[in-house]
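Trainee: Spelled out, the chains give:
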Amino acid sequence: MNEKDLQLVHSISAVIDDGSSSIYVLHAKYTNLVRVNLVLLKAFLEEKRRKGLMITIDRPHQYVSHLMQLHGVDQSNLTFIDAISTHAADTKGGAVAPEFQRGPFHIEALPDFLMKPENNGSGLLVDLSKIDFIVIDNVSTLLTYNTMDSIKRFFEKYVEMVKSVRPGGIQTALVMDRDQHPQLFEFVSSMARKAIDLGPDMMVKKISVMGVPVPVVTQPMQQIVGPGELGTGVLRSKEVM
Amino acid sequence: MSMAQAAFPRIESGIPGLDEMIEGGFPFPSVILVAGSAGAGKTTFAQKFLFAGADKGEQGLFFSTLSEPAQWMLRYAAQFDFVKPEYYGKEVVYCDLGNMLRHCTGEELLAYIDQKVAEVMPQRIVIDPITVVGNMLKDDYRVFAFDLTTRLKNWQATTMLTGEVRPGEMYPAEMSYAVDGVILLMLSDEGDARRKYIEVLKMRGTNHLTGKQSVDITRKDGVIVLKARF
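Residue numbers (the working numbering), protein chains in the order written: chain S, 1 to 241; chain F, 1 to 230.
Any given hint could be a false lead.
When the alpha-carbon atoms are kept at most 25 Å apart in a straight line, the in silico BS3-like pairs for lysine-lysine are as follows [said to hold, decoys possible]:
(1) F:84 to S:4
(2) S:4 to S:206
(3) F:116 to F:84
(4) F:196 to F:220
(5) S:48 to S:205
(6) S:116 to S:51
(7) F:196 to F:56
(8) S:48 to S:163
(9) F:116 to S:205
(10) F:90 to F:116
(11) S:130 to S:157
(12) S:48 to S:206
(13) F:90 to S:4
(14) S:130 to S:205
(15) F:196 to S:4
(16) F:90 to S:205
(17) S:116 to S:152
(18) S:48 to S:130
(19) F:220 to S:4
(20) F:56 to S:206
(21) S:51 to S:163
Derived from the structure by calculation, the hints contain no laboratory data.
Full structure from sequences and hints, please.
Mentor: Following this line, the structure appears as structure tokens:
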């Protein structure tokens, strides 16, 4: 990861709340979605030391796993649910993950699958009671396989699920390009507690809490990362401070 | 038109006049084959694709299969105004596959490309020329082509493969079935002149212009489409 990415890790880490079932929606250019997801995972797993679940819809999970490995992002506390592998005809090997066999076409069924992992037949269980956060890679791709109405129904069920599964709930991070899918972005944002706008330079441009903008305060990188300081997340919005 | 169709992501090619022929740019992600004979402008085309992306903040990765020292390739590339040396090694990363190709298997080559792509995280990739790989690999080139294109798309990048064509050949057939787009760069003898043309033969998900269009190569912009009938 380069300096900009690490700075973004700190920025995002500072915005993540403790112990809530918040949904975060991040606007980033579609060419940066992979990079932003990697940054998000590092922020949750390493800076916040959370246990997570990544649902892959855009590409087989092995790619994310490989990317994390190469960039030294610890994935020992990350579980994958792979919703695309069965349709990917991909020979790439790697980590094993439970597969959502119905694929991305029946996304409404995913919350039920997550709630009843013993029924998935893969033999690999996902225990949601031990999951702190969920990242979906990526929401926009759902439109390729589903109608807007079925995506809305999915999110309604999903929100119920993350609130009910454990005290404090599960946090969810969704990265999208607002300009690419404005209608979906608006819908997802309406459910989100925080919206974070990233510029093409991968810097935080704007943060909103429940639709109300809050100032973004940044500090130079050298003030953020000192020896042994990685994880303190000093780069904050005033709202968090 | 569905929402998914309306928001089909594209990136600008960087080639003046080409985006108007392909509904605004190359699909993202995708793998595009640029085929042509020697001197048709394939490498210039590919370099411009990377540097235009770098101008917009997109990361580029250039794989050379020729075992030509980067020094020589860059000396020629530096003749173009659009090539900015400050991008070298940063926004545009060069990687030589030539030495590796002499002794590796297709799987080893894929693993190396995978590793480099995951390390650099580019939005734009060039492999120049891909046809050399077919000549040097002992494995089944078609299987390699399928695996390569599948992986490149899953890495969320638009990749340009350049392909040298033999006399009488239109494009490298082994690769063309696996890619999302095929662009031909052609040289044509017309009286005393040798003219250059471009033709978009295939571009998936795109209502592209068909037929040959004149191109020129200039120091300022590299390959430019001169005459597009829109």
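Trainee: When the hints from earlier in the document are held up against this structure, which numbers fail?
Mentor: 7, 9, 14, 15 and 19
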